[in-house]
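Required output: the full structure, derived from the provided sequences and hints.
Line order of the protein sequences matches chains A and U.
The first sequence lines up with residues 829 to 1072 when you count with our numbering.
The second sequence lines up with residues 4 to 403 when you count with our numbering.
Computed cross-link-like contacts, DSSO-like style, restricted to lysine-lysine with a CA-CA straight-line distance of at most 27 Å: (1) A:K909 with U:K394; (2) A:K1043 with A:K859; (3) A:K840 with U:K394.
A few chain U residues that don't get close to chain A, going by computed Cβ distances all over 10 Å: (4) D45; (5) G55; (6) G64; (7) T353.
Sample of chain A residues at the chain U side, in silico, Cβ under 8 Å: (8) L880; (9) K881; (10) G884; (11) V886; (12) I887; (13) R912; (14) A913; (15) R916; (16) F923; (17) Y927; (18) I929; (19) P930; (20) D936; (21) L944; (22) N949; (23) D1000.
By construction, these hints were calculated from the structure, which means they are not laboratory data.
A virtual CB, placed ideally from N, CA and C, is assigned to each residue, including glycine.
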Amino acid sequence: MKTTGIIIEGLKKQYGSGDTLVDALKGVEMKVAPGEVVGLVGPSGSGKSTLLKCLGAVIEPSSGRMTLGETVIYDGGWKIKDLRALRRDNIGFVFQAPYLIPFLDVIDNVALLPMLAGERNPVARKRAVALLEALDVGHRAKAMPSQLSGGEQQRVAIARALVNHPPVILADEPTAPLDSERALSVIGILNDMARQYETAIIIVTHDEKIIPSFKRIYHIRDGRTHEEAGEGKSPHELIKTYRA
Amino acid sequence: MISLAGRDILHGWGRFLLTGVGLGLLIGVTLSMAGIYRGMVDDANVLIESSGADLWVVQQGTLGPYAEPSSIYEDTYRGIRGMQGVARAANVTYLTMQVRYADRDVRAMVVGVVPGGAGEPGQPGFLVAGRHLIGSRYEAVADVKTGFSLGDTVTIRRNRYRVVGLTRRMVSSGGDPMIFIPLKEAQQAQFLKDNDALLQQRRRTEANPLFNRPSVPGLLEAVIASQTTNSYVNAVLVQMKPGYDPDVVAENIQRWKRLQVYTRPQMRTILVDKLIATSAKQIGMFLVILSIVSAAIVAFIIYTMTMAKIREIAVLKLIGTRNRVIASMILQQALGLGAIGFVVGKIAATLWSPFFPRYVLLEPGDAVRGFVAVMVISVLASILAITAALKVDPAEAIGG
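Okay, structure coming up:
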């Protein structure tokens, strides 16, 4: 049983220097338990993408502390030497567009990650097939990404994010191009997967139709996480808060 | 690990193949240029070998008979024949001219040889059809590149010759096919003037008081007769007896006959190093330019292909793909493109080389060197794209 999902404490990020200094994150506090799916909402320029990039270990924060799974990855400086391996083994990414590799078929798009981690091809493919089956796209395993519908592509992208069983998944507007039914289906899948694999999932979204499906939502504004929506609030209240 | 490059190539194989074919045609031109140079060298060697000579005796101080004009008396060969180490010696003339056939002209080198059989100095080494020249009967043996057939009648200057034999690979250092005719007729053809010129020459001689002396009867006629006959040849080809050193025999002829003598290695040096040196430099320049153009094309194509999937590269980097995997993918694609280009180029060069007017010799060694060069060019050309790909920030995949 995993005890820690994501813990962010006093995370700050500054861009530029002197007169051009910009405080993108001014002390973000977040906590996501294993198996939990939380929403991260906020207006444009509020720092959502910067937070995601810091969490994804693609840009270095200025200060603060981040813990993913059981590992402190940042504490005033990177605590992990190989950030590439950290991303590969500990963080799954789901984007607004699926960004599947167009020249690989579905199964290899998913199996690529375990292969990169050194897994043998048959084992990696077996694991990919199992996940694709679980996400109900197993029958499209041999198809090329261009032959899939938008919803199918997004499910394959989710399978890719999950295939290495990372403790954390970061999803950036994963339902933006989908209609309500498919959007809710994707969120449902992410919830199921979070429970099944005890994965902590942060979903950045502007999508009002999925906001009510989160038990907890972090609002980020001016580089700070302002409030944490409680489980008791109604969907209507959540949307109202988000719009405020 | 799956081959990302292989999958990418398979995914867009049509575009990749077409690009490879385009590059291949360029490589084909490059290989053909090298083949043209090799053909020129081979023509020079064949010219030396097929002449059947061990020594070339020419006018003193000249590089004749192929590289410079040379003129020596036609009876010189008699004295040479009597020298130690000489087995056979025969006169020969060379004249590059337009030979008239039906209603067209054919550029050819007319070679005047002493009629005889195969093995005689100057004679074509072998025939592919017909027979050798027998005597002065206005007959000719032609290289098949002239396009003549047995029984054809061709016009050389004012005389008509019947083609009685065909040979192959007998061309001048300029690539013109050879036509062999009897020596006497070739000498006539070389110095034969038109009627107007003869009349003009006679009139001038008659007007010259040095030649037209009433006190010396017969002088004018003798001078005019000497002006209308040709007692010169371009060279004497010498075959040596076994066991003699060509350098020693050449030195003896030079010393006693006051003529220039070239051995086979010396003649090869003249033909290859001097006669086609400028052409070789010209071709060398073309090869350098074509290599640069090929490199630029590969670089541009690979760079464009890489830029087209920059987002995918950002995603690959974000999900943990190592730089060397991405660099290897681009490098493999560049090498694949180069390999396709080389195969297409080699096939194209092989297919079109027989249609070139000059002999194109595609040597396996050149093909190997060409393949290595293409691979090196592909590696160098991929550097730009690899640099661009490695600079891609994985954060670009997240956006924002």
